[in-house]
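K.L.:
Residue strings, one per chain:
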Amino acid sequence: MFDYLTSLLGDLNIIAYFIVPVPALLFVSIFTLFAVLAERKISAYMQDRYGPNRTGKGILQTVADMAKLIQKEFISPSHADRWLFELAPFIVFASVFMGYAVIPFATVYVGTDLNLGLFYFFAITSLSVIGILIAGWASHNKYTLIGAMRSAAQIVSYEIPAVLSALTVVMFAGTLSMQSIVVAQSGGIHNWYVFGGPGDVSRILMIPFMAASCLIFFIATLAETNRTPFDIPEGESEIVAGFNLEYSGMKFAFFFFAEYSQMFAVAAVLSTLFLGGWQSPFGNLIPVLNTPLFQIFWFLLKGLLIVYVQMWLRWTLPRLRVDQLMTMCWKYLIPITLIIVLIVGFYLVIR
Amino acid sequence: MNSNEIYNLLKSFFPDAVIDYKDDKPVEPYIIVSAKEIDKICLFLRDEENLQFDYLSCLSSVDFDNDNLAAVYNLYSFVHNHKLNIKVIVPKSDPVIKTVSSVWNTANWHEREAYDLMGIIFDEHPDFRRILLPDDWEGYPLRKDYKVQEFYNGMKVPY
Amino acid sequence: MAELKTETITLNMGPQHPSTHGVLRLELVLDGEIVLEVKPVIGYLHRCFEKHAEAMTYPQVVPYVDRMDYLASMNNELGYAVAVERLCGVKVPEKVEYIRVIMAELNRIASHLVALGTYGLDAGAFTPFLYCFIDREKILEIFEITCGARLLYNYIWVGGLSHDITPNFKEKVLEFVKVFRPRIKELNDLLSFNKIFIERTANVGVLPPEVAINAGTSGPTLRGSGVNFDLRKNDPYSIYDRFDFKVIVGNGEMGTVGDSWDRYMVRVWEMEESCKIIEQAIEQMPAEGNVQEAVPKRIKPPVGEIYARTETPRGELGFYIISDGTNYPIRVKARGPAFCNLSALPLMSKGCMIADLVVILGSIDIVLGEIDR
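Protein chains in written order, with our numbering: chain L, 135 to 485; chain Z, 4 to 162; chain V, 8 to 380.
In isolation and in its complexed conformation, chain L is listed as follows (with noise of 0.2 Å):
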């Protein structure tokens, strides 16, 4: 879309800059006031009971709590450091934001379509670690300090099995580029890299390996988004609330904001790697699926399937410890992802 901007307006092409991320903006906006709800009334059926039900049906309970948020004093603890405190959040929610300028929502919509794109995303995404270090940093408490070295150890470590499982699908696709790794999954649900992306017989044999492979993102990313079972950063009945202990107000939501656009930017990248991202999952049998508003459909149902998923595992697992956190890491994923790698790496050489 950038680059589409950017001829139409030839010399004005500043202004691309403005107008593209707006729908990601307002899509993220409104997506985090839903999920927020969501996740409400998702626990509370788990759980038995009603949740919000109050301001419009519940309907409205996010924009109420906004509301609420933003009327909110801004408080910062006597011996914060000032700047650094103020920053924190919106460093948080930038590096995850910035993550969307690549994420294709359909083949009209992609913010930019870098040919680095996957490693673009990572490294963005990861900047917010140093975010949480600062928020735990300038909070100058001993909670939020904990929990940022925590968060600091969770990122960087799942950071890796990400990658690596993500290898899997850049050497079978043999490009970057998140639109072209959409593209190349065309041709309906067998084609998903999940089930060993596109080509001939043998792929079968892959199945188990990129699944595999998905299921290992899936993991590591709900590690990176800090969500239970790997909520440890924030892990309330330790650490009370972790590196956003003393945040409240504007700077809280934006934390919350960041958390929730995280978690859909993973899912995001998680069906663009493995389930076909905008891809309808019944290629060209019917072909008016494949319209760019059925695109974006398909994308978002995909997306939000996964949040759901993220949102019910939250709900029934207890937390990790952190040592566990770190076993489990080091001992169990990058081993595994990468002898994926390794065995990807054979059967594309012999095929």
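These aren't lab readings, by the way, just hints derived from the structure by calculation.
Positions of the beta carbon are idealized from the N, C-alpha and C atoms, including for glycine.
You may find that some hints are simply not true.
From the structure, some residues in chain V lie toward chain Z, with a derived Cβ separation under 10 Å [unchecked claim]:
1. Thr224
2. Glu323
3. Ser350
With chain L fixed as given, assemble chains Z and V onto it according to the hints.
P.N.:
Chains Z and V alone, transformed into the frame defined by chain L:
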């Protein structure tokens, strides 16, 4: 073993420290021992083959309103399934008792509580502080002659 | 290369912290995530129960007893009633004994449900908490129908009860037991045998039996360490010797004997045993009887003193009562089980992690109302 037999056994080992044995119903029988040697007696009670009082059920402090304070030890043995009550009586002017927290860990907090609320001082206790009340509280509330302090850190106490 | 200099952090956990189960403060000395030292600081909820009791007549103490362990008020009342009745030599009617046992066991289930639910919260699982509270709600409804209160009942009086049971009480209790049994299995599926939960709790906070005895722990904390000791069986009070039930002990099924998972699991299976007791009691309970006929007009125990102990959901609740023959007790000392169990916390949590500490604290199931009194 019942309390009387235990009393006789104790008397033979600690003739000076074991003072008296009381068994007048409905009061449960109890043995009065000296405050100076309570720790040795308790160690003996715990380790002696056919006593083995390995469980300190309760340690209570009592103010009899007659210039005497007392600490009451309710013991129980898991091995032999028998009970024993021991009483240590000390004068209010010098309420010092040897600690038994090295014998039973339970006693640690119970002795601190007895000190906190009744003002009995347990000698050689490893961590002797108030436990329920603030460290700078004045007086020992469970004593019968306790008068609450007027102000605590500038806050009016009686209301 | 010069040795890298590191420092320990002193962290105040509480008194306002989501998982200290009330107003407990833990002074932690941390080396990174590792807990080097734990110092529990209590007393934030001290209400001078023992001093109050000296100014009250014997029946007037009962509401204060309620407020000690507010999650198991019935058990506390029972403990106090047993102590005073023994001191006075009062014999209560059969029907009263049965109702007391049913109430105490129902309250044991309710209390265990809170313990297990909040334990899930401590481990990071939110949903089991609400599952447990659904069932607890049903028990509280039974209590409400019987005595009008949901938390602090003032129901078991010295020598009797405040109200007789309602006509459909038996059916209601049996219906609850019927509905509740499968729910234990549901809880096990959701939480107890969850792989992550086992990882978190097994081999964590191991309390060897001899240390447990020496530290004066009791109840599920002691039985979790594999010590077969339950006052209902070993030193029966009321009519507990008439019922057939098992004493659950920890067996180290998932790790070491005496770890947090064992303590947790003892509570789960104890609920099952309580159901058994309730069913037997309902069956044997005599239909006729006046629940207040043994309540004396004025309670004046003879001069004397007594230490009576009963088994509450948390362990051995002892009342040491001294009477001088008047209406007012000279001394009422309550030996709270959670008080002694908490004092064993530093022994269990040497060298664990912060997350473990929360789990260990949850597994000994403290109620600060009773610790601070």
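K.L.:
With reference to the structure, classify each hint as holding or not holding.
P.N.:
Hint check results:
1. Thr224: Holds, about 8 Å.
2. Glu323: For glutamate 323 of chain V, the interface hint holds, since the closest Cβ of chain Z sits about 7 Å away, which is under 10 Å.
3. Ser350: Since the shortest Cβ distance to chain Z is 4 Å, the answer is holds.
The structure fails none of the hints (numbered hints given earlier).
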